[in-house]
Amino acid sequence: MATTAIRASHIIAYDGQEHRHLRDGLIVYEGNTIRYVGRTYDGPVDHTIDATGKLVTPGLINTHAHLA
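Basically the numbering used here = 1-based index in the sequence shown + 11.
Heads up, some of the hints might be wrong.
To be verified - Label-pair restraints from in silico Cβ distances:
hint, residue 1, residue 2, range
1, Tyr25, Lys65, 27 to 33 Å
2, Asp61, Gln28, 17 to 23 Å
3, Thr63, Gln28, 18 to 24 Å
4, Asp57, Gln28, 29 to 35 Å
5, Thr59, Arg34, 24 to 30 Å
6, Gly64, Gln28, 25 to 31 Å
7, Ile60, Tyr25, 16 to 22 Å
Because the hints were derived from the structure by calculation, they are not lab data.
Yeah, the Cβ is synthetic: ideal placement off N, Cα and C, and Gly gets one too.
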């Protein structure tokens, strides 16, 4: 199964307790599974999506959350 990385200027993710805003990070997923969310990833990827200047919300979090 292919592994894809998305490089984004803004990532809003849930860390198990609260939503977090990550600037200039990346999301790595394989199939329907998110493998990594953070600043750097050293593993191999098959495809990279450039989302510079974009906001990415992995895991279909509630976009109604009041983000600061």
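Verification of the supplied hints:
Separated by about 19 Å at the C-beta atoms, tyrosine 25 and lysine 65 break the suggested range of 27 to 33 Å. Distance hint check for aspartate 61 and glutamine 28: the Cβ-Cβ separation is about 30 Å, which falls outside the suggested range of 17 to 23 Å. The supplied range of 18 to 24 Å is broken by threonine 63 and glutamine 28, whose beta-carbon atoms lie about 28 Å from each other. For aspartate 57 and glutamine 28, the Cβ-Cβ distance of about 32 Å falls inside the hinted range of 29 to 35 Å, so the restraint holds.
The beta-carbon spacing between threonine 59 and arginine 34, approximately 18 Å, falls outside the hinted interval of 24 to 30 Å. With their beta carbons about 28 Å apart, glycine 64 and glutamine 28 fall inside the hinted range of 25 to 31 Å. Remark: the range hint 16 to 22 Å for isoleucine 60 to tyrosine 25 is upheld by a beta-carbon distance near 21 Å.
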